[in-house]
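Student: For this one, chain A is given, so just place chain B on it according to the hints.
First to last, the protein sequences are chains A and B.
Residue 339 in the UniProt record's numbering sits at position 339 of the first sequence, and the numbers go up by one each step.
Residue 117 in the UniProt record's numbering sits at position 117 of the second sequence, and the numbers go up by one each step.
Heads up, a few of these hints could be off.
[Claimed, not checked] 27 Å max Cα-Cα, derived DSSO-like pairs, lysine-lysine:
(1) A:Lys362 with A:Lys283
(2) A:Lys151 with A:Lys443
(3) B:Lys134 with B:Lys150
(4) A:Lys194 with A:Lys362
(5) A:Lys242 with A:Lys291
(6) B:Lys194 with B:Lys246
(7) A:Lys443 with A:Lys391
(8) A:Lys179 with A:Lys443
(9) B:Lys194 with A:Lys19
(10) A:Lys20 with B:Lys194
(11) B:Lys298 with A:Lys291
(12) A:Lys378 with A:Lys151
(13) B:Lys298 with A:Lys492
(14) B:Lys229 with A:Lys19
(15) B:Lys194 with B:Lys215
(16) A:Lys291 with A:Lys323
(17) B:Lys453 with A:Lys283
(18) A:Lys492 with B:Lys280
The hints are simulated quantities; they were obtained by calculation from the structure and are not laboratory data.
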Amino acid sequence: MSHVESVEYVKLLNKYAEKKSALGTLYLTATHLIYVEQTNNARTETWVLHHHIVSVEKLPLTASGCPLLIRCKTFQLLHLLFQRERDCQDVYQSLLRLSQPVKEEELYAFLYNPHQNEEDRRQGWEFISVANDFSRMGLSNDYWEISHLNKNYEICSTYPSILGVPKNASVAVVTGSAKFRSRGRLPVLSYYHKDTKAAICRCSQPLSGLTSRCVEDEQMLQAISQANPNCPFIYVVDTRPKLNAMANRAAGKGYENEDNYSNIRFQFQGIENIHIMRNSLQKLLEVCSVKSPSMSDYLTGLENSGWLRHIKSVMDAGVFLAKAVCEERASVLVHCSDGWDRTAQVCSLACILLDPYYRTIKGLMVLIEKEWISFGHKFSHRCGHLDTDPKEVSPVFTQFLECVWQLSEQFPCVFEFNEHYLIEIHNQVYACQYGNFIGNCQKERLDMRLHEKTFSLWPHLLKNQHLYRNPLYRRSLESTVLRPSTLPLHFKFWCGMYNHYDRGMHPKQSVLDQLLSLTQKQEEGERTMTELQRQLAVADGVLPDPSGPINTPTEQDSPSEKTPTAPFVQSNGSCLPLVNGDAEEAGPGAEKCIDKEGAEPGATEHDLTSSEDKPVSVETEHSKEEVQESS
Amino acid sequence: MEFAELIKTPRVDGVVLHRPFMPTVEGTLCLTGHHLILSSRQDNTEELWLLHANIDSIEKRFVGSLGTIIVKCKDLRVIQLDIPGMEECLNIASSIEALSTLDSVSLMYPFFYRPLFEVIEDGWQLFVPEEAFKDLESMTDEWRLSEVNKDFSVCPSYPSLLTVPKDIDDESLCKAASFRHGGRFPVLSYYHKKNGMVMMRAAQPLTGTNGRRCKEDEKLINATLCAGKRGYIIDTRTIAVAQQAKARGGGFEQEANYAQWRRIHKAIERSNVLQEGLIKLVEACNDQSHSMDRWLSKLEASNWQSNVKEILTTACLAAQCIDREGASVLVHGTEGTDSTLQVTSLAQIILDPACRTIRGFEALIEREWLQAGHPFQQRCAQSAYSNGKPRSEAPVFLLFLDCVWQILRQFPCSFQFNENFLIMLFEHAYASQFGTFLGNSVAERLKLLLSQKTVSLWSWVNRPQELERFLNPLYEPNNLVIWPSVAPQSLLLWEVPLQMHEMPKEHMDCEISMC
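Isolated chain A, as found in the complex (with noise of 0.2 Å):
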């Protein structure tokens, strides 16, 4: 693979300031983007991820040279100046080729090595297991069972080998309904909820057109209803809206006949299809990267995208289903047209709603596992992973972490995570480092025997566990079903995700970090004491002396932490590329204060967070980011 290697000279525009721009060099390796700014004795790296690339594009040549324009999936934006056009276009020509890998063996995760054994390795993939969750859940019980009738996936080539299905659906009912729904994903569990006995169960749309039934389909959907002994009758939430779901009927497809099911109650939802989604969220980023827009441009913007009002959509079709579940007691089966992008949203929100598990750090890694990674959320196509048709992608799992994120806000205390945690997983999505999010199903997964040749992402974040709590969570708030509000003023704009790379946008310091090293502290303290009340104990003869020469209690953190050997695989610039990527883009004065206004003062020279000025917080949390750049 022949590409540049690296250009001197290039300019990192600054978006706010001009002056600001940074001069260096830029390096393009296998795996990453990499720009250094030497400055005196500060260097200052940014590393982008070539999977995380969304677009190259060339703009129109000016008088202080070619600019480049570099999109990426994570919303950050560079917008580099090369002074020799040559070196533009083979950095151009380089990066096509490097962002958009054809093969998946191409993919990053087949290169990078984290130095784990095999050992390791396995222990990581076994870490999250969907089976155990099902055990959590109470399966099987006198309703529920576990089916291996999918072990092949003969059944459904896109779902899990483990299917959750009701004790009394005979394998002729589940086999016959499975003929009647889209690409056979027939009517699974997906939670059960033990205290009301009541289920949330998915599928694709039934195979019904205008006229046709099926009667191991209508038994199927009797069995899901007798399986609930605490109501007579099942929701049957489909996810579109009503037009959509009407056209695919003359396709052969369509949504249940109430007539030909007992005891059903059918709901639509009307949550757009991929294709607005992803229309809605270029528009958002229109929006997101105008220089200086005006609070009215900004505002209808924000509205003629749509995104908050999509993210409403799921929230409110997830709402509706906790609330049958837990007030109505009654299950729930929900489908959109396939059952991998719109079903996965809203069950998986339900199931944040209903289950403090899936509040926590562990829990929210079982429920991406569960409900999107095994149940075939197709990551390889929504995320554009391969140079495949760019009609499939779409931010469907953005979404779902959005709104995640909006519950947080309402709920600062039920989650064990924080905002971190979540862009943090956006990220890896994304950067096709780990496994877990390369293939589009189970099966294909296994086809790539990915288990054998990539990591686990999931034990990595756990190891970072300390980054993504959330101090204010209480556990004892535990058992509550979430009840927010889905007034369209209680939506906010997420700025930390999609503006995450404009660090003058956001408050300047930050009550999470704030928070954070003050349990830090309070634990060390803690730990100190507790060391410091021993050694008196020894010293007053109370106790004996078991180890020896006395430690200092704060040696607590072990200094290996993983040492990679190919250079550009370095934890800080390939797991959190946010850290390199801030001091850059970040810069001071990332966000100007006022308007242009010719020669106003402060128009030209304003620097609003030049290290003088800047809060004792902002300082330290600088300090550190040097601390791991250097290590």
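Tutor: Using the frame of chain A, we list chain B on its own:
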């Protein structure tokens, strides 16, 4: 006048109180001269004590003989009272209407309120101009305290003592005053210790259509410039609005006459426009359609967030001129009592760490709002629910508090106080048992004998028992200038004062303080 004459039915039993997201309470409704009280007369249940002065408007509804009164408050709370008996309901409604629209200031509750606590530190004596001047004197000797306005004849809306350049005599001040709207000649607002630059404020100059000038006014503001230095005049109005003002005798400083000054126009809305914005915002929040698009377009149409952005931007500009450009600044709009004060007080919060403490913030409100002559009584006479014809009501102070909240949100560790403190100030500005926000100027307050006849809000707030509620547990004093971001993405809607909807289930502040 006896309040009893206005109270047709002083007491009704079996009244049911509905408040949003709180359990309903059934009990006895009592009307006193100043309060609407509802009590279940059982232990441990909360009583409602609502000041009549807080009531913005009421609505009556009848279903059979059951009457319902919806009470909409100036602090934007909405409560509902179900009253059995049509006559009782009508009587209560007309009594509330009469009692909540009394015009005479001296009938207001602060004149009747007797504190149940011992006043240890009298808030009326806490922030006197002499003390503030002593601080200034310790830093510079360029300024003096003038008594030119001691009988309020030079400028009725200014306090009796004013800080002016040392070299300008009282006679010149009088001449400059005659050249400024309402006699509000340029006075010192803030001295930036770091570089000795100053911020002054005034009202618009009365240049009129024929370009009148006033040598004393020019001399007065030039006296604040160092040799060879230029200053900035920040006119909070757009150039078009400022031009129009000429026709009514107002205007702006002509470059030719103020050669050492560069004028910058910003676009902070006039107060009547701000009031419309508040009404639209509250309407949008109350929209029950639950459509996202409708909410966003109504929010946009209210211009509330635009106003917040513009005010903050202008304050940042003033602060930048001073701190970054090393230049002195004069701020004015038309009257110099609204947008001017928003800008000068916010600029101080950005520049001066002292203003971010509780005491410092109280002092700032005293100095830049109360003593500077913001007409609280006129601006806060009615709020978003009023049916009355708007006179000079405007949420100028609420917008200022909103801007402070935005900065507080961006610098959550730099303020000694929390959001509750801002909410408390908002509520007391509209209706209070304390006399602090009564009257429109120092002169009016003196005439009303407020300091003798009423209790100061500060006397109550500064008690350790009360203060606790307002402290920010994350506060770490920080001596730096804090520059807020004014990008639209950085400015959130301040939901709490718009309390008609359910709040997020848990509140960060109380959670943090429990940590």
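Student: Now tell me if each hint is right for this structure.
Tutor: Evaluation of the provided hints:
1. Only pairs whose Cα atoms come within 27 Å are accepted, and lysine 362 of chain A paired with lysine 283 of chain A is rejected, the gap being roughly 34 Å.
2. Proximity of lysine 151 of chain A to lysine 443 of chain A is assessed by CA-CA distance (about 10 Å); at most 27 Å being required, the pair is judged to hold.
3. Taking the CA atoms of lysine 134 of chain B and lysine 150 of chain B, the gap is near 19 Å; set against the 27 Å cutoff, the hint holds.
4. Under the criterion of a C-alpha separation no larger than 27 Å, the hint pairing lysine 194 of chain A with lysine 362 of chain A is consistent with the structure, at around 20 Å.
5. This hinted pair does not check out: lysine 242 of chain A and lysine 291 of chain A have alpha carbons roughly 39 Å apart, beyond 27 Å.
6. Of the supplied pair hints, the one linking lysine 194 of chain B and lysine 246 of chain B is violated, its CA atoms being roughly 37 Å apart against a limit of 27 Å.
7. For a cut-off of 27 Å, the pair hint linking lysine 443 of chain A to lysine 391 of chain A stands: about 23 Å separates their Cα positions.
8. At most 27 Å may separate the alpha-carbon atoms for a hinted pair to count; lysine 179 of chain A and lysine 443 of chain A meet this at roughly 19 Å.
9. Only pairs whose Cα atoms come within 27 Å are accepted, and lysine 194 of chain B paired with lysine 19 of chain A is accepted, the gap being roughly 26 Å.
10. Only pairs whose Cα atoms come within 27 Å are accepted, and lysine 20 of chain A paired with lysine 194 of chain B is accepted, the gap being roughly 25 Å.
11. For the hint pairing lysine 298 of chain B with lysine 291 of chain A, the CA-to-CA distance comes to about 24 Å; that is within 27 Å, so the pair holds.
12. Proposed proximity of lysine 378 of chain A and lysine 151 of chain A is supported: the alpha carbons are some 20 Å apart, at most 27 Å.
13. Proximity of lysine 298 of chain B to lysine 492 of chain A is assessed by CA-CA distance (about 15 Å); at most 27 Å being required, the pair is judged to hold.
14. For the hint pairing lysine 229 of chain B with lysine 19 of chain A, the CA-to-CA distance comes to about 25 Å; that is within 27 Å, so the pair holds.
15. Only pairs whose Cα atoms come within 27 Å are accepted, and lysine 194 of chain B paired with lysine 215 of chain B is rejected, the gap being roughly 31 Å.
16. Between the alpha carbons of lysine 291 of chain A and lysine 323 of chain A the distance comes to roughly 42 Å, so the proposed pair goes past 27 Å and is violated.
17. A distance of roughly 60 Å separates the Cα atoms of lysine 453 of chain B and lysine 283 of chain A; the hinted pair therefore is violated under the 27 Å criterion.
18. A hinted pair counts as satisfied when its Cα atoms are at most 27 Å apart, and lysine 492 of chain A with lysine 280 of chain B qualifies at roughly 20 Å.
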